[in-house]
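Student: Could you slot chains B and C onto chain A? The hints should help.
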Amino acid sequence: MHALVERLYPLCRSITGDGVRATLAIVDEYIPLRMHEVPTGTEVLDWTVPREWNIRDAYIADATGRRVVDFAASSLHVLGYSVPVSATMPLAELRPHLHTLPGQPSLVPYRTSYWKPDWGFCLSQETLDAMPDGEYEVRIDSTLADGHLTYAEHVVPGQVAEEVIVSCHVCHPSLANDNLAGVAVAVFLARALAERTPHYTYRFLFAPGTIGAITWLARNAERIDRVEHGLVLACAGDRGSLTYKRSRRGDAEIDRVLRHVLETSGRPHRITEFTPYGYDERQFCSPGFDLGVGSLSRTPYAGYPEYHTSGDDPDFVCPTALEDTLAVCREAFSVLDRNRRYVNLSPYGEPQLGRRGLYDALGGRSDAKEAQMAMLWVLSLADGEHGLLDVAERSGLPFDTVAAAAGALHGAGLVKA
Amino acid sequence: MHALVERLYPLCRSITGDGVRATLAIVDEYIPLRMHEVPTGTEVLDWTVPREWNIRDAYIADATGRRVVDFAASSLHVLGYSVPVSATMPLAELRPHLHTLPGQPSLVPYRTSYWKPDWGFCLSQETLDAMPDGEYEVRIDSTLADGHLTYAEHVVPGQVAEEVIVSCHVCHPSLANDNLAGVAVAVFLARALAERTPHYTYRFLFAPGTIGAITWLARNAERIDRVEHGLVLACAGDRGSLTYKRSRRGDAEIDRVLRHVLETSGRPHRITEFTPYGYDERQFCSPGFDLGVGSLSRTPYAGYPEYHTSGDDPDFVCPTALEDTLAVCREAFSVLDRNRRYVNLSPYGEPQLGRRGLYDALGGRSDAKEAQMAMLWVLSLADGEHGLLDVAERSGLPFDTVAAAAGALHGAGLVKA
Amino acid sequence: MHALVERLYPLCRSITGDGVRATLAIVDEYIPLRMHEVPTGTEVLDWTVPREWNIRDAYIADATGRRVVDFAASSLHVLGYSVPVSATMPLAELRPHLHTLPGQPSLVPYRTSYWKPDWGFCLSQETLDAMPDGEYEVRIDSTLADGHLTYAEHVVPGQVAEEVIVSCHVCHPSLANDNLAGVAVAVFLARALAERTPHYTYRFLFAPGTIGAITWLARNAERIDRVEHGLVLACAGDRGSLTYKRSRRGDAEIDRVLRHVLETSGRPHRITEFTPYGYDERQFCSPGFDLGVGSLSRTPYAGYPEYHTSGDDPDFVCPTALEDTLAVCREAFSVLDRNRRYVNLSPYGEPQLGRRGLYDALGGRSDAKEAQMAMLWVLSLADGEHGLLDVAERSGLPFDTVAAAAGALHGAGLVKA
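Chains as they are written, first to last, in our numbering: chain A, 78 to 494; chain B, 78 to 494; chain C, 78 to 494.
Pulled out of the complex, with its shape left as it was, chain A reads as follows:
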């Protein structure tokens, strides 16, 4: 996963343009993607697909012709969606177009201006401080023109048509944790899920933030009813502990699954309530949709000093953290896939497990085995209202044990799904 992060890192992504296409082309080498190109001007919900932005070069050169700020060194150096400019101007005139972080003088900030035509450069405060007054050549060789918004899907077919959405934004330029880490975890999660046909159909969405999710939602109105659950992956690779942000509903099944997996795993973690700010859970959880979509991060957005700066580079992303995020996703979807509601077909009194070979025939023992307890719990709660996660939580038994017991009872014809 970390190699994929490193490979994607230099590309200049934005909400449209060739940087996104190049990113998706590389992802397509790992898992086959279906690409979508949506024309500029397409109305998507309350929004309109913007013009496509592409950039070839950008720099600020001093009087000697030396490039003191150079897009070739980092895609962060240009204000995202900058309109083209080619001019020479004194520093005083240039200054309003320069973005720095005075409090983090060695870091370059990440800034964009998607919806207001503007141009600008991002640079470190140290670089700015070293720029003497005088004339500077300023050049941004960009185009902002009718074109397309690009996003891609990858589907892992399941046993049922109901879908789980896994979404990660692909619009940030050279920022590693935000969100190449999420992309990398999504790619390897898709591969892992495909090893065995999952219960649900899993749809992976690689799209620019906000406008990408909105475009997908606008173009998949008929599919939404099939989306039962979802997870937004963002900031998935830093060294902090995991953070799960609940869906707007707060008690959606995905919320309960993630809480269960994080709590029973013993990992340090945080579970936070929904807020209408963050990543694309904002769109999936907007009140008209109100889907059961939560968000998994390690340190959440704006929670680390390197957030939206040049400090969020591949070294900031930790391979074992990526593995840990992936492991939790796999475990969570494994629980989600098995969290079925069963109906006890012999609900009056306990069925005789012994004559079905399900229960140790020797009575009078004081040590009930965990597997036997799991069978009794599944039978007790198999009323069509409780899922196996309810059984696990109420019994305190591991979900795997409960699921195995449900399987044994199903095999014996004592419960139906």
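Derived from the structure by calculation, the hints contain no laboratory data.
All C-beta atoms, glycine included, are put in the ideal place defined by N, C-alpha and C.
Do not take every clue at face value.
In the DSS-like style, the derived pairs of lysine-lysine whose C-alpha atoms are separated by at most 27 Å in a straight line are [unchecked claim]:
| no. | chain 1 | residue 1 | chain 2 | residue 2 |
| --- | --- | --- | --- | --- |
| 1 | C | K193 | A | K446 |
| 2 | A | K446 | A | K493 |
| 3 | B | K193 | C | K193 |
| 4 | B | K493 | B | K446 |
| 5 | A | K193 | B | K446 |
| 6 | C | K446 | C | K493 |
Derived CB-CB ranges, DEER-like [claimed, not checked]:
| no. | chain 1 | residue 1 | chain 2 | residue 2 | range |
| --- | --- | --- | --- | --- | --- |
| 7 | C | E447 | A | G380 | 35 to 43 Å |
| 8 | A | E340 | B | D467 | 36 to 44 Å |
| 9 | A | G434 | C | P167 | 30 to 38 Å |
| 10 | C | V237 | A | E340 | 44 to 52 Å |
| 11 | B | R111 | C | V237 | 48 to 56 Å |
Tutor: Only chains B and C this time, still in chain A's reference frame:
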């Protein structure tokens, strides 16, 4: 407010009679009142309006003719609703008619006998101890005869017909905190609300305790359905911190508003559960009505040593405490008036706030401004089920900020009330 | 009660057979029982009534003819439901049929094999260790043949047909706390309830565990709808504090009653959540029935070292513990019987208690008496939704006070049940 307390203090109020009329006449100088006179014998719910009680003079004079207990000195000295008496008797015979507070020997208690014909005097234990045996002239020049029960209303018209009741009892004689303080706060609250047309119509009720509220309820059966909320003001001016007693429902909107205002204001305060004892919330919250009426006091009834004694005089009431109670009432009704439920008219995905000038167009910033968060929260919860108070509590944002955001969104046509 | 425990102790009970009949015959001397005999092979829910097991003698004798293990000394010595055997065999061959407790070497375990034909002996590890290699005569003079399953009922008729089930298992041989203590408490509870006609009809069930309850449920399908509440009594006499295990519903009325009684009594106690393991609450609470049946024990099953061993003898059962369990049962059923929902017939405003002689007519007093508060609370919550237990819990008043107030109000025609 304190001047009003001092002015009303000497009057001998009871559940009927000229003391109440004189009190209401003074209140009428501040806010115009509609007076109601209900004849003795009128059946009101389970009760009957009693005979009207008036008193001109009362005293106990010793053998020398000196008045050792004199109604002219304090209206507390006579047992409320005393039948007339004119007699001379030895102290031993008089003693069963004398009420004192042995544990607070310098204070005169407040006692009444509304429903059992009786006569008596209230005096300090010290006065009693100084009374030698011997003959005393006892005289109560009172009348208990068919007449009327008096109460008054003042209405601040609102934008809607739904009403908020503000009620305070006016039946206690020379007791300042209980309840001239409540009367004073109610008067100035009515004035403050009238400065700008409120959302709800506010009805102020000045009536004797229990029988007065019961009489109003009996005569306003058709109006009750319009009463959405209410507040009983009692013991509103002592130096203790504020106490809000919930309505019988416990989670009525008024309960949530008061809790929110008290908690977010940082004031020390108590919130207590409903009990069927106290002031006229007993009647408004009786199970047949079950209105959303709570009660605001500083130190609640029977919670201070001066309660129902001559120690509850104007000095016991603190001007800054009256101001503080008034301020909380104003803030609470300001929240109540604005606690509307909105419906997001663009509920699928986030609406584009930027193109409506509602959102800073510069993306990529990690510091979301509070006002922008408030707009996102209102949009997220504007599903017709959550009010703005829900938004404020769930978001942790100040109610004013949330209400302002709702106003901005309403102005932009993104939500409807 | 302890004398009854001692008298029943030596009998060899099992899930069928003459030991149960002899036990019930003794109980019948205390309270009249209706005996039921259900033939082998009868289908009961998912189960089938097994063959009847009877035993006359069993022993292991050494080469000298000395009985080293003798059923006559304790009914625990034989594996319950052992098939007959009469053989001579070396110790090595005998050993797989010998059950001991290596960790408690002086105690004899209790073991059964109801559903798998087997034979065996239970003995102390010390006895086994003292048995030299060599030939042993092994004899179990038992019969396993078509017959009957025996159980009994005792009914205390109430004022209404709705029933409360009190159930205790009678299938364990010489174990005192488990469950002769439960039997003894049930017997004396039935006697106590009969002293005055209770509100509910109380049905006492003396039946073998699991198969007995299942048989009763199978044969009383039409009666189940009348069963409102129930209590399983087990391990009711040891020196530990009381443990109440909730019904599967968790908030059934019986659960609330037991919690209230245990908490307000000041006794140390535990309240545990339902689990589908334990005693016959498993059957009553199976999801098809889901009755409001909890379980009262002192130390719960498997919670004490003597559990299911020869250490659970009459000395292990404490007379004062039996009395204490009985007292809590009586108090709980007294609350249950009186926990009626009343409807306030004068719900608009407070009714005038004074003119009905229900309220001290002297107003202005700050010390409300508890009985008066109880009346006000009952009136306030008499909306047909709250029972008297709700009133007691919400008011903090003793249930007896609340029930007395309800009685007074009922007498005055102010509430109806």
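Student: Against each hint, give a clear statement of whether it holds in the structure.
Tutor: Tested hints:
no., hint, in the structure
1, K193(C) x K446(A), "19 Å, holds"
2, K446(A) x K493(A), "24 Å, holds"
3, K193(B) x K193(C), "82 Å, violated"
4, K493(B) x K446(B), "24 Å, holds"
5, K193(A) x K446(B), "19 Å, holds"
6, K446(C) x K493(C), "24 Å, holds"
7, E447(C) x G380(A): 35 to 43 Å, "55 Å, violated"
8, E340(A) x D467(B): 36 to 44 Å, "28 Å, violated"
9, G434(A) x P167(C): 30 to 38 Å, "32 Å, holds"
10, V237(C) x E340(A): 44 to 52 Å, "47 Å, holds"
11, R111(B) x V237(C): 48 to 56 Å, "54 Å, holds"
In this structure, the earlier hints numbered 3, 7, 8 are contradicted, and the remaining ones agree with it.
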